[in-house]
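Visitor: Residue numbering for the sequence shown is 1 to 241, as defined by the UniProt record's numbering.
Calculated directly from the structure, the hints in this document are not laboratory data.
If you're wondering where the values come from, they're calculated on a predicted model, not measured in any experiment.
Check the hints yourself; a few may be wrong.
What the hints assert, rightly or not - Simulated DEER-style distance windows between Cβ atoms: (1) 29 / 103: 35 to 43 Å; (2) 228 / 57: 37 to 45 Å; (3) 53 / 105: 18 to 26 Å; (4) 165 / 116: 23 to 31 Å; (5) 210 / 38: 38 to 46 Å; (6) 32 / 138: 32 to 40 Å; (7) 183 / 235: 15 to 23 Å.
Unchecked claim - Here are the simulated DSS-like cross-link-like pairs (lysine-lysine), alpha carbons at most 25 Å apart as the crow flies: (8) 164 / 145; (9) 237 / 164; (10) 35 / 23; (11) 145 / 185; (12) 164 / 35.
Every residue gets a Cβ at the ideal spot worked out from N, C-alpha and C, and that includes glycine.
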Amino acid sequence: MEKLSDLDITADARVVCYVETIKRMADNLPQSVLKGSYVAGPYTLAALILGAENAAMATITNTDKLNSVCDFSREIILQYVRALINAGAQLICVLEPSAAMLGPDEFSKFSANHVSHIVDYCNANETDTIYHICGNTTHLVEIMKNTGVDALSLDSKEAGVNLKVVAEITNDEVVLIGNLIPTGKILSGTPDEVIIETSEILKEMNNYENFLLSTGCDLPQEVPLENIDAFVSTGRKFRID
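Working from the sequences, and respecting the hints, build out all of it.
Guide: This is the structure in structure tokens:
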């Protein structure tokens, strides 16, 4: 880690490309469109550095080393976050897919603790934040909320996430984003079937003003455009009574 302590990722070709994309979005899209970007979470980046299995084992056998790697990954992520915000990003979404396998104590130590630092930086720069983890995160949502993020992005009901249960856990202290299954009707069904599935979620969450419709995770590239249009149009037409 010491040899990498001075690593500057802002000259990396991919980072330059992503930052330039945000800049062009900020320069060319209307103010009504929120400009945002994803970043990997500290534990997920640590798992990429160490290997997923090694990182998982280290949560038990070598916590000091793992925390050191998470410290390092957090600072690398903050480099990227600074560049994105300077380019015009108004929203940063922290993705922690590798953290889905962690228990609450390990999750708090190796993910949430580090994410809170990223959130603090974003807050200081008037940038909103989202925390996303794939899978059933019901046992983690309170810890996720306590990082100070503005919103939680939650996986689908098929992954085990009941939005109404999560809403009761978190109260109205954070925006809840989700949770259409990305591999369901939107992938293999018709626009009419997508409308029905989307409407069911909207009706279920009708009484929660802090709910924001989205998919539970990234959409596969094979999703038909007409199904995406049906999903978005259904959400835009819906109004809370």
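Visitor: For each hint, tell me whether it holds in the structure or not.
Guide: Against the structure, the hints:
About 41 Å separates the C-beta atoms of residue 29 and residue 103, a value consistent with the hinted range of 35 to 43 Å. The beta-carbon spacing between residue 228 and residue 57, approximately 40 Å, falls within the hinted interval of 37 to 45 Å. Evaluation of the 18 to 26 Å hint for residue 53 and residue 105 yields a pass: the beta carbon distance comes to about 20 Å. Distance hint for residue 165 and residue 116: a CB-CB separation of about 24 Å, consistent with the stated range 23 to 31 Å.
Restraint check, residue 210 to residue 38: a C-beta distance of roughly 22 Å breaks the suggested window 38 to 46 Å. Checked against the given bound of 32 to 40 Å, the beta carbons of residue 32 and residue 138, roughly 34 Å apart, stay inside it. Distance hint for residue 183 and residue 235: a CB-CB separation of about 19 Å, consistent with the stated range 15 to 23 Å. With a C-alpha separation of about 16 Å, the suggested pairing of residue 164 with residue 145 holds against the 25 Å cut-off.
Between the alpha carbons of residue 237 and residue 164 the distance comes to roughly 22 Å, so the proposed pair stays at or under 25 Å and holds. Simply put, residue 35 and residue 23 have alpha-carbon atoms about 9 Å apart, close enough for the 25 Å limit, and the pair holds. With a C-alpha separation of about 30 Å, the suggested pairing of residue 145 with residue 185 is violated against the 25 Å cut-off. Note on residue 164 and residue 35: the hinted pairing is violated, with a Cα-Cα distance of about 28 Å set against a maximum of 25 Å.
Checked against the numbered hints given earlier, this structure breaks hints 5, 11 and 12; the rest are met.
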